[in-house]
Amino acid sequence: MSTTTVGAGAGIGTSPLRPDGTLKVTGEFAFSSDLWADRMLWGATLRSPHPRARIVGIDLTGAVATTGVHAVLTAEDVPGKKLYGLEHADQPVLAMGQVRYAGEPVAIVAADHPETARRAAAAIVVEYEVLPPITDPVAAIDAEETVHDRGNLLRHVPIRKGSLEATAPVVVTGEYEVGMQDQAFLGPESGLAIPAEDGGVDLFIATQWLHGDLGQVADCLGLPPSKVRLSLAGVGGAFGGREDVSMQVHACMLALHTGRPVKMVYSREESFHGHVHRHPARMWYEHGADLDGRLVYVKARIVLDGGAYASTSMAVVANATTLGVGPYKVPNVVVDGYAVYTNNPPCGAMRGFGAVQACFAYESQMDKLAAALGLDPVDVRVRNALEPGDTMPTGQVVHGPAPVADLLDRVRAAAPPAQRGDDLRELPGGVANTTHGEGVRRGVGYGIGIKNVGFSEGFDDYSTARVRLEVVGGEPAAVVHTAAAEVGQGLVTIQAQIVRTELGVEQVTVATADTTVGSAGSSSASRQTYVTGGAVKAACEAVRAAVLRRAGRDDVTLRGGRLVTEGGEVVADLVDVLGDRPIEETVEWRHKPTHPLDPRTGQGDAHVQYAFAAHRATVDVDVELGLVRVVEIATAQDVGRALHPQSVRGQIAGGTAQGLGLAVMEEIQVVDGLIRNPSFTDYLIPTILDVPPMRIDVLELGDPSAPYGLRGVGEPPTISSTPAIVAAIRAATGLALNRVPVRPEHLTGT
Amino acid sequence: MRVNLTVNGEARQADDVWPGESLLYVLRERLGLPGAKNACEQGECGSCTVYLDGTPVCACLVAAGQAEHRDVRTVEGLPGPDGLDPVQQAFLSAGAVQCGFCTPGLVVAVHDLLARNPTPSDPDIREALAGNLCRCTGYENIVAAVKLAAGA
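Protein chains in written order, with full-length UniProt numbering: chain L, 1 to 750; chain A, 1 to 152.
Selected chain A positions facing chain L (Cβ under 8 Å, derived; list incomplete): (1) Trp18; (2) Pro34; (3) Gln42; (4) Gly95; (5) Phe101; (6) Cys102; (7) Ala130; (8) Arg135; (9) Tyr139.
These are computed hints drawn from the structure, not numbers from a lab. Where is the CB? At the ideal position from N, CA and C, for every residue including glycine.
Let the sequences and hints guide you as you build the complete structure.
Next comes the structure, spelled out in structure tokens:
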């Protein structure tokens, strides 16, 4: 991404144009796969075709002999640490003696043409002793055969609140399953590594977390972090799938080995094997309620398939478990969450991060409870809705607004969508002309979810911002520099808006994110506007304080390039105060600390902030063919304060669409450890025909402990659209539907 | 082999083209036009949409040799002498751009739609753009952008 200068524009609460927008609509924006360097080579990766095997031998002869090939490297060539990982370093840079999932990198090649590199990789002969894969996560918990020496249980999170023996007159139970979803960002994993004269390397990379990559890449290269310099290249979407390292170390190894720039770009098929996915889940729930529908207890067991390597599974299962009863008051809770190793594809971060899986189960249970009591599904939710001051199953008190009942009331009260018209294109099946309305039933369903914002459980979650104020061409101008990854969400716009608001200058440049400034943490967990926004605001406050010191005033603010008193009197021009001496401040900013969970009871103030969204889905189902058309989705979400209202609505629409995908179409089909549908032909993400018009209701209730009162926006809309759509399909069909995605055969029974 | 074609009104030549290369590869890697994107390389996502003799195609599905002596127009060729094409401006204004990876393909597809149908209905828009995947926006602001451009 190039450095971008924002011209005259506005501060927070308005929706100025994205500074990178013009480049993006003209095709000139440099995504990581668009990079090019003189004498550049192309990298390719040979991956294991087996989910579990011992490597008996590797013969590189064919690859090395290929004309145009400059390097062929295996595990022996990894210069530093051979293992990496975000939370627990258990993943080999290149396979060492064995492979644990189909798609695991075994060798890498650099050549002068991408096709040459691919063919050379294919010419490597690996002799495998194939072993039967461990693929059932539930059986794996206690199995004697293990994926790693440490056993298959990655983490067990128990939550115990109130009485373990509570009973209730109304009891509903259910077993639920969530399939493996893919982030399916459109820009494939890619980057360009350029060897440097000092023996280090410069990596231009699409990532969510530059410093997360930096530590792992430097360790594996055996270089001090100062010799590994990362710059953010244009990121073609992320959604969690770029939080882990993919080709970063490989490209650097090839560049350092050949002494030439090396570019790697995954194909779509490779991308499906090259990043972690959303954990598939199996969940058993029991809800007990009194005769008025008030919850007495919830008992649940949640098993997440972490696949072959740890990635962020330990944090994902903590989310699924601590948020496992939803945004409801529940006096007695027994929840056990398990993350498990198998030989399936590794799973880790995806938008919603554990909260998605649990929400499908607890919201299905709330509908079941409503049906058992003869109550309206929204009424039973409102009756149990969490309120400010209530405690979560972890004992954590919910501070600040928690408008659970209000959000539900709002989506219920929204005007219903129009009745079906005659246009074939508005029927299930569309122009396939499968029905003219016969067999089509309409259903309406509701869902509400809860998500934590920011990193939890005592993680030192901070961001760093550097802000410089100076005179350029006779005008005051600011530069803001962070390592925060712009992944499409609009953080570049927000940073400039904050600077404009705080320093009262029009001319703001957002410098390219790189590792020459301190860590910003990850663009994940709905945290970046909160934490990096907080850091930029704090850095601006430090700059402003320095301006005031220099001016010898303590009674003025900065507005329109001037120092202005509260009464509106201009006391000085900023240009005169600054002169030829710029003011620059770098600030590390932290949100309030969180705390670990008690390992036996799961009690603890583990989360920073909670965020809520509610959905109402309306569907038309062709019950004879099992085809579903989502007609409309209404969403209500509290965002605390919308810093860029247009982007907030964009996040809500986009997140809701990903939840729709999980509800009715998206699943990586894994059979015996093998991905059967690694392409956009076979792994379907919603098209513009699948996503309906949306009705979006944004609340700005203001969290007093967050910068500007904001609440993380990105994840909540993804969480509850899935159960809302499935509830609507249940309403249309009367079927139980305990698994997502719902497929046609689940509706037709064929 | 050598491929001769017209790109955005200019005669261009690409040398040393391997016969297996796509038009997309030639545009991106040999002619310095990376606007068309490489998201699926099997014609499912529309990110590489360009005009070929005035018809929108997925450049990943066109062999480089098939473009010989033909006329290609990419997203880079849409702006006029006065700046952005109205479709590009509408994508910007409506917030239809997030990560932007689908944007070049969608801009070309919408440009084509509005040339054929200047006042498309909602179902017309959705039908015309069903071959262009976007993972960020939920399409809501893309539909808004098309309507904005149609009114421009």
